[in-house]
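*Asks:* Protein chains in written order, with the numbering used here: chain A, 1 to 477; chain B, 478 to 1118; chain C, 1119 to 1229.
Worth flagging that the hints you see were computed from the coordinates, not collected in a lab. A portion of the hints provided could be inaccurate.
[Stated by the list, open to error] In silico DSS-like pairs for lysine-lysine, Cα to Cα no more than 27 Å straight-line:
1. A/28 - A/359
2. B/637 - B/839
3. B/1052 - B/1069
4. B/1069 - A/156
5. B/637 - A/343
6. C/1168 - B/1112
7. A/359 - B/505
8. B/1042 - A/156
9. A/156 - B/1057
10. A/442 - B/637
11. B/839 - B/1029
12. A/359 - B/1029
13. B/637 - B/1112
[Claimed, not checked] Quick list of the computed label-pair ranges, beta carbon to beta carbon:
14. B/957 - A/446: 55 to 61 Å
15. A/144 - C/1211: 41 to 47 Å
16. B/1085 - A/170: 34 to 40 Å
17. C/1190 - B/1085: 50 to 56 Å
18. A/446 - B/637: 39 to 45 Å
19. B/1085 - C/1194: 25 to 31 Å
20. B/541 - A/474: 22 to 28 Å
21. B/1043 - A/346: 32 to 38 Å
22. B/1085 - A/61: 49 to 55 Å
23. B/1112 - C/1185: 27 to 33 Å
24. B/995 - A/454: 30 to 36 Å
25. B/635 - A/144: 45 to 51 Å
[To be verified] Going by beta-carbon spacing under 8 Å, a handful of chain A positions derived as facing chain B:
26. 218
27. 275
28. 279
29. 395
The beta carbon of each residue, even a glycine, is placed where N, CA and C say it ideally should be.
These are the residues of each chain, in order.
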Amino acid sequence: MIPVLLILIPLITGLITFAFSTADSAKKIALLSAVATLVVAGWSVCCTPASALRFDIAWLPVMGSRFTLEMDGMSKMLCLLTGISFPMIFLAIFRQETKSAPAFFGWMLLSQAGLMGVFLAADALVFYFFWELALIPVYFLCSIWGGERRIAVTFKFFIYTFLGSLLMLTGIIYLSYHSPGASFAIEALTKAALSETQRNGLFWLFFIAFAIKMPIFPLHTWQPDAYEESPTAVTMVMSGIMVKMGLYAVVRWLLPVYPQSSALYSDVIIAFSVIGILYASFIAMQQNNLKRLIAYSSIAHIGLMCAALFTAQPSAYQGVMIQMFSHGINVIGLWIIADAIEKQLGTRLLSEMGGLAQKAPTLAILLVIMGLANVALPLTNSFIGEFMMFNGLFRYNMVWAGVAGISIILAAVYTLRMIQKVLYGPLNPTTETATDIPATAKWALFVLVVLVIVGGVYPQPLIDLTNDTVQALITKH
Amino acid sequence: MSHLVFLVPLFPLLGFLINGLGRNQLSKSSIGTIGTGAVLLSFLVSVRLFMQVLNGGGGVDTLFYLFQTTDLSVPFAFQVDALSALFLLIITGIGTLIHLYSTAYMHEESAPHFARYFAYLNLFIFSMLLLVLGSGFVIMFIGWEGVGLCSYLLIGYWFKNNEYNYAARKAFVMNRIGDLGFLLAIFWIISKLGTTEYAQVFAGVNKLSASDITAITLLLFVGAMGKSAQIPLYTWLPDAMAGPTPVSALIHAATMVTAGIYMIARTNLLYTMAPFAQCVVAITGLATALFAATIALRQNDIKKVLAYSTVSQLGYMFLGLGVGAYTGAVFHVMTHAFFKALLFLGAGSVIHAMHHEQDIRKMGGLSKRLPHTHLTFLLGCLAIAGIPPLSGFFSKDEILAAAFQASPIYYILGLAGALMTAFYMFRLYTLTFLGEARFHEDDHHPVHESPWQMTVPLWILGILSVVGGWIGFPEWILPNAHRLESLLAPIFAGSTTLATEHAHLTHSQEWMMTGGATIAIILAIVLAIRSSLRAKVDTEAATGLAGILENKWYVDEIYDNAIVKPLQSFADLLKNVIEKSGIDGLVNGVGKLVHYGSRQIRLVQSGQVGNYLLIMVLSMVVFFIIWFNDTSLMKLLHNIF
Amino acid sequence: MPINYYIFFCLTLFSIGIVGVLTRRNAIIIFMCIELMLNAVNLLLVAFSKMHHAAAVAAAPDTTVGGDGQIFVFFIMVVAAAEVSVGLAIIVMMYRNIHSVDINFLNRLKN
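Start from the sequences, fold in the hints, and give me the full structure.
*Replies:* Right, here's the structure in full:
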C-alpha cells in the first residue's frame, strides 16, 4: 500500500488545493500534504516487508499493461528525496506572495504525484504515464508563473522534452510488442526477443529521451533558460528531482533492458558526458547570471553521474546513488539562497552584487556551506558520491577520469567566483539596503545543511539502502 | 593503545562549533579562551600520545567506517606512530601559541568577527589533525582539502577587500590542481590494491609494477606541489599573506604547507622504490629553493620576504626527501616550524606596532622600541641562516650532507640557496630593526612593544628555535645522539633497507664542509648588514635584474597571460558563440525550420475554391493511378474500349 | 445495348462535369456540373445493375440479384435533392451578401 499512498496523497490533496480560495489555506494544506508524504516515504525506508512495497492491479488488460508499482532501494531513496524536497520548497516560499496560490500549489502537488509515480512504476506504460504527469504540471507552472520570457522558454522546454518522451513511447510500444506475452512489465521487457540492430536502435530511442531530461551535452540547451525563467520553486523541483528522472530511468529502464547495447555505446556516452562536464564548467566560469551559473554547474554534475552510470563499475553505481540524493539536496539549497538573493536585490546579475556577507551573515554562511557542497569538499555529502564515481570512472578508463577530474578544479573556480561576487567585496547601491534571509527559508536551509554534513560524514545508511539496486545492476552486466 | 586519540581532533572541532554558533552571544575574552583552550587541550593529549609512542605504543584506532561498499571500505581511523605524533606536537603546540598570540593581535575586531576568526582557526587545526592522524589516504585527503578550505577562509578573512578575496581564491584553486593529482593517485592505488589504508598499501607494494609506483608517486607529488607551494604551483603562497599575520605563521609557514612533506615522508617506501620520482622531487625542491630565494632578495614587504623564504625552505625539505634524507626533511619541518612561526609572529608584532605598515623601507631602528620582538626575531634569523648551534643549522646541515652524497651539484646549489637565505634574512632584519627610523611617529599612536599574549609566544618559540635542533646531533659531532632518527626509524625502515648505500663522508670531511659553509654564511650576513645599512632606501621601482626580482620574475603575469586569460577567452567563446549560436542555434534552428516549412505549406490553402477543386481532382487521379497500378488500369481501359 | 456505350456516355458526362467544375467561376454552374457528375455515376449504377440482373435472370429466372443498384440510385437522388436545396440556399445567401456568385470572392477564410 505504501507506493499507492505516496502517489495518492499528493494527487488528491493537489486536486483539492485547486478548490481553495485563499492563498493561506492552500499553502498550509500543501505543506501538510508534503509532510504527510515525507512521513510515508520515511516509513517506506524503514519498512522492510517486501509485500508492503509492491502494488499490482489490472489496468489496461487489452494492451497487456498492469498498474504495477514496486519499490527497491533506489526507489525508496528517490521517493525520500522527493518527500524531503517538497516540504523544504514549500517552507522556503511560504512567506512569499504567490499570485493565485491555490492553483500554484495544486500544480506543484500534482507534479509531486507524477514524480513519485515515475520512481515507483514497474510497468513501462505506467512509467510513461507518470513521466508525462510530472511534466505537464511543470509546463503550466512555468508558463503561468514564470519570468518575462516564460512563454517562449517553456514552449521550447516542453517541445524538447516531449519529443524525447515520444521517442521513448515509440520505443516502449515496439519493445512490448516483442516481449513475451506482449506485456509492459519490466521483467517481460528484459526478455524481449530482439535482433542486435533492433536492440541498438531502441537503446537510442530510450537514451535520447533520458538524455534530454538529465540533460546531457549537447541536448542541454533547454535547461539554463528553463531554470532561469521558471519560478524558483519549480526550478528546485526541476533541478533537484526531475533531472533525477533521467538518471533513474537509465538505471531502471535502460541498463537492465539493453545490457549489451549499454556496454557497446558506453564509450560514446561517456565521451559526451565528459565533454559536457567540462563544457558546462567552462560556461559556468564566465557566467554573470546567478541562476544560469547554478544551472550550468548542475549540468556538469549530472554529466558526471551519467558518465559513471555507463562505466559498469559497482563503485560508480554506488556513487551515482549517493550523488543523486546529495545533488538534490545541494541544488535545492542553492536555489533557495539564489531566490532569497534575487528577491532581496531584484537582480540576478553577479556584477551588481557584492558585500552581502556584511548585511546578511546567515545567508553568507549558508551559501558558503552549500557552495562547498557544490565543489564536493570532503565531509560534505557530494564528496562521497563524487569520490566513488571518479573511482569507478578511473577503473573504466583513467584518461577519461583525468579529463573529467579537471572539473574538480573548474568547480572550485566558478563556485568561489560566485561566492566572492555575491558575498564579499565592498557594498554597492544595490546591496546597501539588503537584509538577512527570511526565517522560513532559513529553517529549510538549516535542515538541508544538516543533511549535507550528515551525508558527508556518515553516508553508510544511504549506501545500505541502495545496495540491492547496485547488486542487481552488477549481476545484470 | 589508549583510546584518547579521538580527543585530539575533537577539541578543536568543539571549539569551532562553539565559537561558530555562538559568535553573536559570546564575549571576546570567552571566545579567545575557548579557541586557545581547545587547542591547548589537544596539545596536552598529544603530549600524552607522544609519550606512549616513545614507550613503544601507538597503532590504528578505527572510529567508524566512512563508507563500506562491496569493493571498497574506507574506515575513519586514526594512526598514531612516531611521525604523526611528532606532527601532532608541532601542530597543537605551535597552534596553541599562535591562538594565544591571536587573542591580542586580533583585538581590534568586533566580537562576531573575532569568533569567526577563532572558529576558522580551530577548524584549521581540526583539519590538519585529520590530515596527519588519518590511517589512510582518504582521511588524509579529507584533512588535505579541509586545510585548503580554512586557508581560503582565513586568507579572505577581511572579505571587504577584493584583492584579498582574489588571493584566497587563487590559493584554493591552485591547491585544487594539486588535489586532483592526489585524488588520481588515490584512485590508482585503489584500482591496483583495492584499499587506501597505509598499512595495507605498504604491505602490498610488491603487487605494483614499477610504472605504477612511478605514476602514483608523481601524482602524489603533484598534490604536494600544490599544498607545499613548489614550482610551478607556488605563486599562491606569497599572495596568501593577505590573511592576518598569525594565520600566515600557523598555516602558511609552520603547518599546512608542510603537509606535502608529511605526505611524502608517510609514503617514503613508494618514493624509495621510484627513483625517477625521487629525482623529480629533488630537482623541483632545489629549483624552488633557489628560485624563491632570488625573489626574496628584493622584496620590500616584510611578510612577502618571509613568504618567499618559506617557499624556499620548503624546497629544501623536498630536496631532502628527494635524496632520501627523510629524517632530515622531517627534522627541518620541525625546526622550520619553530623559527618560521617565530619570524612571522615577530613580523606580526612589528606590523602591530607600526599600525599595519608592512613595507620595510618605511621601518628601521625598531630594535630599541621593540626589544622583545627584536631579540627573538634575531634568534629566528640566526636559526634560519643556519648558524650553529641554533636549530636551523642541524636540520639544514643534515639535508645538505645527504644532498652531497647524492650529487655534489645538489650540494653546491643548495649551499648557494643557503647563502641567499642568510643574505635576505639579514637584509630584512637590518632594514627593520637597525639603522635610523624611517617613519614618522604619531604622538597618539606611539610605536610600542606588544602585550604579553604576543611576547610570550615569541620567547617560547625563540627558545625552541635555539634548542630545537639539539634532538638531532649529527653522528660526527656526537655519536648516537640523533634522537629524532631513532624515533622515526620504524617509519623509514622500509626505505632504509631498500636504499642504495652511499659512501659515507668521513668526519673530517664533514667538519670541513660545515665549517666552510658556516664561514660563508657569516660572510653573507655581514655583507647583508653592511650593504643594507649603507644603501639609500628609496621607494622607486628598481630596474634591470633587481627590477625583475622585485617583480618576482613576472611569473604571476606569465601565468595570467598564458593560462588564465586564454582559458577565460575560451570560456567566453563557449558561452557566447558555441552555446548560443552553435548548439542552441541548432536547436532553435530546428524549431525555425518547422516554422518556416509550415508557413510555406500553408500557402497551399490559398482560399481559392477553384484551387481546392483542382487539387481534389488531381489527387483523385493520382489515387486512382496508384490504387490500380498501371497494369490493372491498362487492363481495365482495355476491357472498356 | 452493350454496356460499353453506357460507360462511354457516363465518362463523357463525368468529364464534362469535372471540366466545368474546374474551369467555371460561377457557383451555380459549378453546382450544376457537380450534379452532372453525380448523375453520370447514377446512370452508370443503373446500367451496371441492369447488366448484372440480366445475367442473373439468365441463370435463375426468378432471382432479384443485381436489382439493389437501382435502389441505391433512388437513395442518392433523395440525398442529392436535399443537398441541392442546402447548396442553393447557400448560394442565395452568398448572392445576398456579396452580390455575386463568383467563387473567387469566397477567399475570405484566408488570413
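*Asks:* For each hint given before, does the structure comply? Return the numbers of the non-compliant ones in rising order.
*Replies:* Per hint list: 1, 8, 12, 13, 17, 18, 24, 27 violated.
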